[in-house]
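Residue numbers (our numbering): 1 to 273.
Just so you know, these hints were derived from the structure itself, not from any lab. Remember, it's a predicted structure, so these values are computed and weren't measured experimentally. Just so it is clear, CB atoms sit at the ideal spot from N, CA and C, and this is done for glycine as well. Some hints could be false.
What the hints assert, rightly or not - Pairwise CB distance ranges (calculated):
no., residue 1, residue 2, range
1, D100, G185, 17 to 25 Å
2, A4, R51, 19 to 27 Å
3, N143, G33, 24 to 32 Å
To be verified - The calculated lysine-lysine pairs, modelled on DSSO-like cross-linking and capped at a C-alpha distance of 27 Å, are:
no., residue 1, residue 2
4, K102, K271
5, K166, K86
6, K98, K149
7, K199, K98
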Amino acid sequence: HRQALEMTQPQAVFLTSPPPLHVDQAIDAIGVGATVMIEKPVAFDLAEVARLRQVATTADRLVMVCQQHRYATGAARTREALAGRKIALIHTWGYRQKPDIKANWHRAWGGGHIVENQIHPLDLTRYLLGDRGEPISMYARYNESFYEKSDGWDNWDSYSVSFECKGGAVGSVATTYGAFPGIQGSWGHDIVAEGLVVKIRGHNFELLFEDGTVETIASEIDPTITIAHAFLHASRTGDHSALRQDYDDAARSLEICLAANTSAMTGQVVKLA
1 HRQALEMTQP QAVFLTSPPP LHVDQAIDAI GVGATVMIEK PVAFDLAEVA
51 RLRQVATTAD RLVMVCQQHR YATGAARTRE ALAGRKIALI HTWGYRQKPD
101 IKANWHRAWG GGHIVENQIH PLDLTRYLLG DRGEPISMYA RYNESFYEKS
151 DGWDNWDSYS VSFECKGGAV GSVATTYGAF PGIQGSWGHD IVAEGLVVKI
201 RGHNFELLFE DGTVETIASE IDPTITIAHA FLHASRTGDH SALRQDYDDA
251 ARSLEICLAA NTSAMTGQVV KLA
């Protein structure tokens with residue numbers, strides 16, 4: 001990658017390598033003057049996240065994390081609809097087969113369920129709810145008796161998290177790699193609020209109001225494309241107005257997910273400052 005950077009001298013770089021490689025590669029990209037978009041997560045170590053922050057700040061270079069669910073067509077309207085409402089419950093589930101990217105079969109390379117995949121709905125929740133959706137405690141458990149540790153598989157098979165948020169809401173994440181392709185409704189994210197239930201399926205949003213009104217907002221464009229356009233525009237012009245997250249906020253979503261993994265490994269509730 002260093003040779004490619006030196007040869008091409010890019011203005012902007014997208015990093016989609018395994019997470020343990022991200023920080024060094026991002027720092028090398030900054031070294032040739034590039035801005036950087038990193039596929040989540042930045043790293044599995046918050047000290048590494050801080051190291052990259054320092055380099056980017058010193059060089060005055062934009063570094064973004066690809067938390068694209070915030071850029072879905074219905075996200076801004078849903079955030080507006082939830083504003084000012086009490087939040088009762090946040091619930092996410094996912095029924096998946098083993099990851100398509102085989103490196104993610106190893107928790108040391110992929111990070112496990114919540115870091116590899118379920119970070120997306122948790123990050124989206126933080127965008128939609130602000131402080132009311134900010135977890136303050138995490139308790140997680142896992143199952144690793146479903147698959148044999150063979151054929152390159154070294155991961156938790158199923159994973160469950162319970163959490164409490166600043167605004168008083170409670171939430172849960174339940175996910176498994178033990179399913180198979182073709183299951184309808186295999187992923188969902190619900191928020192129950194005062195007078196409103198939000199159902200998110202993929203990048204589509206359904207808002208069910210207490211008075212019987214229903215708003216359905218289908219995704220007009222893949223939000224991965226939207227966030228990429230926003231990143232490139234900010235890189236070219238210095239105008240960050242279209243960005244829905246800065247580096248520090250993305251790092252906070254990662255910190256929350258790593259706290260869940262700490263809880264899973266220790267069996268203890270982890271408090272978040």
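query = Looking back at the numbered hints, which does the structure fail to meet, lowest number first?
reply = When the structure is compared with the hints, numbers 3, 4 turn out to be violated.
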